[in-house]
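Protein chains in written order, with this note's numbering: chain A, -13 to 253; chain B, 12 to 333.
A hint or two may mislead.
[Unchecked claim] According to the in silico footprint, chain B covers these stretches of chain A (three or more CB under 8 Å from chain B):
id: 1; stretch: 3 to 15
id: 2; stretch: 47 to 56
id: 3; stretch: 60 to 73
id: 4; stretch: 116 to 122
id: 5; stretch: 132 to 140
id: 6; stretch: 157 to 163
id: 7; stretch: 200 to 206
These are calculated hints, taken from the structure and not from any lab test.
For clarity, every value in this text was computed on a predicted model and none was experimentally measured.
By construction, the Cβ of each residue, glycine as well, lies at the ideal position given by its N, Cα and C atoms.
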Amino acid sequence: MNIIVCVKQIPDPETPASSFRVDEAAKKVVPAQGIPPVVNPYDPQATEAALRLKEAAGGGKVTVISLGPESARDAIKHALAMGADEGILLNDPGFEGIDNFQTAVALAKAIEKVGQYDLILMGRAAADWDMGVVPMGVATLLGIPCVSIAKAIERVDGKVRVTRVLDDGFQTVEAPLPAVVSVSNEFGEPRYPQLRQIMLAAKKTVQVWNAADLGLSADQLGEANRWLKLEALYVPKVESKVEIIEADSPEEKARILAQKLRADKLI
Amino acid sequence: MPGVLVIAEVADGKVLPVAFELLGAARALSAEGAGPVSALVPGQAHAQELIARGADVVYVAPESLAGQMYDAWLPAVDAALQQSGADIVLLGQTASLGRDLGPALAFAHRTAIAPEVTALKLENGRLRVTRPCYGGNARAEHTFAGQLQIASAKPKTFDALEPDASRTGEVKTIDAVGQSRITVLSVEKVESEGVRLEDADVVVAGGRGLGDPSAFAMLEELAKLLRGAVGASRAACDLGWYPPSSQVGLTGKTVSPTLYIAVAISGASQHMAGMSGSKNIVAINKDPEANMVKAAKYAVIDDYRKVLPAFIEEVRKLKAQG
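Chain B with its partners taken away, still in its complex shape (with noise of 0.2 Å):
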């Protein structure tokens, strides 16, 4: 019996969102014929939630899991796949697990992983994906050569479905559990202040257009005017204008925000790669072919220094009246 089974990560005594959005991907796999749907998670405490997200089965490896490297995971992955007989594996791509224990998972099995697929269809009982590549200018579809089919996508690729509490499913405990031969040492979190950019609901961000760091500043107080938070582009990272871990882009966060709002961002493809599952973007550009501006709802071609000023009192004006 064919299946699909999804990782759940745990940090800090809960699972990532990423597994609630691919349980509603595997939902969706399932729908189009590809079998029951089944979690692997470690700690009991979590099989209630994964079954209201989509889970048909969750398999609970011991809760001493959490935290630790791919290759303590291995085994408990193993004894997943054998009982539920899944021929898909769906991972979130996340620096702390899955971008390791995907391939680790592939290579154990000589098979293959598509990392970071946008999009996930069953075609002939068999999975296809597509992803982009060549920095956003490109996207490929592949298959599987071999049986056992493991995909990783990153975090708000996909939509999680809202939870169901009426659901129903079985929970098995699973007592493997490897030893890691890297020891974790110490880990230590960048707290950002206000809203986190993966998790904002509107996202300002700026690019090198702006063409000085202090412009960030405006870009800030638009953000927390509209309880956003900001973003910046890699050329502007890359001038030292912004902190990396606020970079959009294929080799930064990738959000997908109700509004967002690019500020003198030409939209190279590396950039929309990032950004380009928000659901309306404003472009401010002063160059009328710019990529972003094309992929706008709403354009304004002008010299931001003179936009944003108007722009952000006109919101204050409009949110005092309620």
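Okay, chain A solo, but in the shape it has when bound (with noise of 0.2 Å):
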């Protein structure tokens, strides 16, 4: 079973809103100082699930593929050690500043460049823009049918079944392949990568996909054809107005609010 897998380097989603810094001119997060970026929390789940159904299949490859700047291949080499096959890195200039719809057209030019697949994983959305529509547009781009927000995946039939995270409870859906599947935090527990593991990746070659690689041509590259535009990135302001309940003792303080709240008719 082939499977390609999209991942995404982001800045730390931990980052303490005290050390979170925008430059509202250039419209871009300053990177925090001594905070690296990381692998978008959601997409070691989405190798966990490509390894598994590998497993599971008893062959087969899982590619992982990720647009971003040099400093992405960490995020490729971390699946690599998880267990994937192969790496390929998409790096252009001209991918400064593009929008997840730009994204999508890239990333699918890159599996059409693949080949192969019967199935792409994606984590269900990256931590940063936190939109989640890169597997849907990645899907709608190649014809085929997108599952999101996954727990459980398997293979049944030529088909995939998935259990989704709904609202209010779980969904059971099965789809023909190839397709595409993005994977939630309910997935499960990514393998934590072991030493030999990532020695072994260090030596697996990433290759690099540059725009032109991809027949992607200028007007569909850099900001200033972004499909959806960004026109300001600030911090908002939040102003307190906060009453302290001052009193001798934590008990008192309760029975302060209480009555606060019950003046208010809160309560």
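Please dock the two separately framed chains into a single complex, following the hints provided.
Printed below as a string of structure tokens:
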């Protein structure tokens, strides 16, 4: 079973608000000092799903693709260390400042170039922009179905059977292959790369494809050709109007709080 | 003629409330000059209700469309767009439909979608949206390069209008239904006991600062007393202290209760993103510098283990007084 996994490197989503800065003029996040970028937290679950499906099928290949700067190699290496077979970095100055629609176009081109695939797996969303539209974008561009937010995936009779996480429960669906499936955090813990695998992964080569390799032209690239225009990016200001309840004991504070809420008709 | 089209999802024979909330948002856009408001819904029975909530025109698709996957909806949405001429589409960000239909519609029309917006406005006749990103640390404002502008919102982001039975509107029928490539084999509902978190008027939520999962029993006692629901931060859910279905935040539920009592929750931005719409916030926290304290109306800076039992006792006393 040939599976393609798309992963992304993002600023650490656990960056505390106090270290988070935005360059409002450039409309960009300023990398926090001493906090290196990480693999998008949903993506190792997509890789884990790919490895389990390959193991269950008793063979095949897991190819990892990431679009990003040179440093995104680390995200690919992480997946290779988990057990993926091959890595491809999509890197081009024209990818700077693009949106997820342009990203989906580039990924779809790369997947077509890879050629053989039964299944494409991605994390449910990237925790930086948190839009979750790339899986559906790639599926639509490739003309195949997309099944989102999977907590369980299995191959049954040449189809993919997926349990999806709904707002009030779960839904099990079946789609023909090839298909795109986006994987949710409910899928379960991804395996942790062992030292030996990390050493092996370091030796695996990562191919680099640029925009020309993907047949993308200048009018599809760069911030100027975004589909979703970014007009402003800023840190919201919060004005505190808090009333701190003061009293001699925690119990007394609690009573005052209850009485205030009662006076406000909130309880 | 431009206009706004709201996709109304139906489950268990009822229109999901997020559709009414989006109609409220659509009416506000219409007042700014976005044109008439239309809605697409599967099933004739829901047309009048949508008009009462703000639709000028309701496109009624076959009832069989309810509960089907996104690709079955695309032809009906296209027909409604063609007939209405709408250049703005609003959807509820639901796992059952909107989360998939929004981007599928966008890519089919070679245009963009802004998912999970928190504000919508019209600027020079075009849509401009605001949405949280970077785990709630930042806000982004977007416009659209393409003619068609699509946005989705989580439930409880916008306010629905009170139903007005005297409102009139047109009802039109749409026959177009697609065939989904995805087969739904089964649906399993997880019933929550008591009040649903998203619908609760009072939410009592706990975080990692509780230090101990057993503390949730106390939160449950308070929630029951206030006829509310219990929520949890992602940190608490990740530790396995409370079920993920009760998680409030960016990757969990969005709530906007009248009263949100945050117990030992520092207020990481990803949590705030799920509850900042709460009308009144109470913070019980040891750290006066906690984000949640700053966002609160009232804060008690102390150990919740001492504050909560006394608070529960006083609330019980006040309730007994009627």
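Now for the hints, and whether the structure bears them out:
no., hint, in the structure
1, 3 to 15, "holds (count 4)"
2, 47 to 56, "violated (count 0)"
3, 60 to 73, "violated (count 0)"
4, 116 to 122, "holds (count 5)"
5, 132 to 140, "holds (count 4)"
6, 157 to 163, "holds (count 6)"
7, 200 to 206, "violated (count 0)"
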